[in-house]
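Asker: Chains as they are written, first to last, in the UniProt record's numbering: chain F, 1 to 173; chain P, 1 to 98; chain G, 1 to 348.
Possibly wrong hints are sitting among the right ones.
[Stated by the list, open to error] Facing chain P, according to a computed beta carbon distance under 7 Å, are these residues of chain G, among others:
1) F27
2) E34
3) E54
4) L57
5) F60
6) A78
7) E117
Note that these hints are calculated values from the structure, not bench results.
Here the structure is a predicted model, which means the values were calculated and not measured.
No residue lacks a Cβ here, since even glycine has one placed at the ideal position from N, Cα and C.
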Amino acid sequence: MTYIMSLFLFGLVLGLVAVASNPSPYFAALGLVVVAGLGCGILVGHGGHFLSLILFLIYLGGMLVVFAYSAALAAEPYPESWGSRPVMVYILAYVVGVVMVSGQFWGGWYETSWVPVDELGELSVLRGDSGGVALMYAGGGGMLVISAWVLLLTLFVVLELTRGLSRGALRAV
Amino acid sequence: MTPTHFAFSAAFILGLAGLAFHRTHLLSALLCLEGMMLSLFIALSLWTLQLDSTNLSASPMLLLAFSACEASTGLALLVATTRTHGTDRLQSLNLLQC
Amino acid sequence: MNPIVSCTLLITLGLGTTITFASSHWFLAWMGLEINTLAILPLMAQHHHPRATEATLKYFLTQATAASTLLFATTTNAWLNGQWDIQHMTHPLPITLFTIALALKIGLAPLHIWLPEVLQGLDLVTGLIMSTWQKLAPFALLLQIYPANSTLLIMLGLASTLIGGWGGLNQTQLRKILAYSSIAHLGWMILVLQFSPALTLLTLFLYIIMTFSTFLVFHLNNATNINTLATTWTKTPALTALTPLLLLSLGGLPPLSGFMPKWLILQELTKQDLALTATLAALTALLSLYFYLRLSYALALTMFPNNPSGTSPWRLQSPQIMYPLALSITAALTLLPLTPTVTALMMP
Chain F
1 MTYIMSLFLF GLVLGLVAVA SNPSPYFAAL GLVVVAGLGC GILVGHGGHF
51 LSLILFLIYL GGMLVVFAYS AALAAEPYPE SWGSRPVMVY ILAYVVGVVM
101 VSGQFWGGWY ETSWVPVDEL GELSVLRGDS GGVALMYAGG GGMLVISAWV
151 LLLTLFVVLE LTRGLSRGAL RAV
Chain P
1 MTPTHFAFSA AFILGLAGLA FHRTHLLSAL LCLEGMMLSL FIALSLWTLQ
51 LDSTNLSASP MLLLAFSACE ASTGLALLVA TTRTHGTDRL QSLNLLQC
Chain G
1 MNPIVSCTLL ITLGLGTTIT FASSHWFLAW MGLEINTLAI LPLMAQHHHP
51 RATEATLKYF LTQATAASTL LFATTTNAWL NGQWDIQHMT HPLPITLFTI
101 ALALKIGLAP LHIWLPEVLQ GLDLVTGLIM STWQKLAPFA LLLQIYPANS
151 TLLIMLGLAS TLIGGWGGLN QTQLRKILAY SSIAHLGWMI LVLQFSPALT
201 LLTLFLYIIM TFSTFLVFHL NNATNINTLA TTWTKTPALT ALTPLLLLSL
251 GGLPPLSGFM PKWLILQELT KQDLALTATL AALTALLSLY FYLRLSYALA
301 LTMFPNNPSG TSPWRLQSPQ IMYPLALSIT AALTLLPLTP TVTALMMP
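Could you build the full structure based on these sequences and the hints that come with them?
Answerer: Following this line, the structure appears as structure tokens:
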């Protein structure tokens, strides 16, 4: 388990390197999908099954699908994947940077610091995260109202930003 | 600093560096923003899980709601700039310089 | 834009700032900032021309980056200390990150590049909201950080006053000049933040009054560059006589109320044994004064070549409401005699 968790953490950082190194958008979207999947794995490993499910359904299933769709619309004739030279330079720079910084902290990490907290706990029916959702619906009224209002507001914002029949590429300003 | 803490901090800073340095497409800048929000979501969830604090485990979900709002607004702006500028390359956003 | 939608957006803009004011928990403060950003975006892009859209996009990218960096700083603080309260920041690393994030949010000097460009793309009323109301929520957070990173704040403040003066020198666009003036004023506020938060608040208050009247004057005259200013005497002669005084008040000349914050800040810095910093700040204010003087010159001392019918629009009644402008311009010019009262109220 410890081995898998460290592999997941390693993959998380490497996935962000893949996103940040300026490839074409659909490769970046692919990298982000991998990162989100690994994030689900990390959360499950730490005992947050419900949060992991939320991440999988909302983030991966809701938002990243839209991003992948937009990336597919923005296709370009000569895409740059991670193999091409300028992207490779960025990847190398980022990896070297991460390795150097982690070298600073390497001495402080020992065997048990990789162990997720959840492995040391006992098996219980009521997990912290799903209990927290019940608590959010029971006592977190104000926050829920604010979040719902913001989601509604975003609908207006998106409609206002994109609406208009006469707003093509050619028109009088 | 535990390895977990280091991992999500590194992920966030990589996303920030990717956003700040060279971006060709607006869409990949938005993807970097999403990567930053994802690492923040993981950080908040792991914090509540490690401390077993039931009270704060709603905060990752609220964060996810807000980051969904941000993402959709970003995509709406992508559509708007593609309409006005004809492309989503960040180099073409130079009307306001002087 | 539909008036109901725009009313909803304005109310939500107020809601975001209010949430940030009321919060003692970092997460809620972050939510307030996000609501604020989301609500102003359609107002910025309401005319949908390419420059407005581009300004909206630039504003969105910087604000989203700043907000997520802010949340990262607070999450790091929670991992290191286990604290979410705004008042309980003790570790220096989150404090530094947080200060940098807020500097990006309000546009302090090394992170200021977006502000002139964004302001240039907006109409003057939205620009007014952008340079006054949008500064309130970040300042409410900055004022609550107690063990501030003092070197960083001094560096940010000095760089802002310098660049705010320097960048405005070569501009002919009024909105860019106002953006640089905003950067310089924010630099003065940040300079004194760690010594006397009350003084920062006073400076912010006076800055808002002066910027409010300046934007309204330019809006009244429909002026977006210096050339247009030369014809304002044909539209509103009385206001044209007052506007140079208003600009000099922004520059901080003695008999006007803009002098009060600069005077008190210089006094406070000298008291803290920072005579060199105070001298540098006062010298960089001269750079800002140069472009305020140039605007005043174009307004009051030049005659634009004009045909006879062009000199008569001052007979027409303006349909705009003048009372807010009258109040704010009076306050922006004549508040200096209140200085002893203000000092007595602020520093008990």
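Asker: Work down the list of hints and note, for each, if the structure agrees.
Answerer: Comparing the hints with the structure gives:
Annotation: F27/G was flagged as interfacial toward chain P, and the flag holds, the nearest CB pair being 5 Å apart, inside 7 Å. Because the smallest distance between the Cβ of E34/G and any Cβ of chain P comes to about 5 Å, under 7 Å, the interface hint for this residue holds. Hint status for E54/G relative to chain P: holds, with the closest Cβ pair at about 5 Å, below 7 Å. Using the Cβ-Cβ criterion of 7 Å, the hint placing L57/G at the interface with chain P is satisfied: the shortest such distance is roughly 5 Å.
At about 6 Å, the closest approach between the beta carbon of F60/G and any beta carbon in chain P falls short of 7 Å, and the interface hint on this residue holds. Interface hint status for A78/G: upheld, as the beta-carbon distance to the closest one in chain P is roughly 6 Å, under 7 Å. With its C-beta approaching chain P no nearer than about 4 Å, E117/G sits inside the 7 Å limit, and its interface hint holds.
Checked against the numbered hints given earlier, the structure satisfies every one of them.
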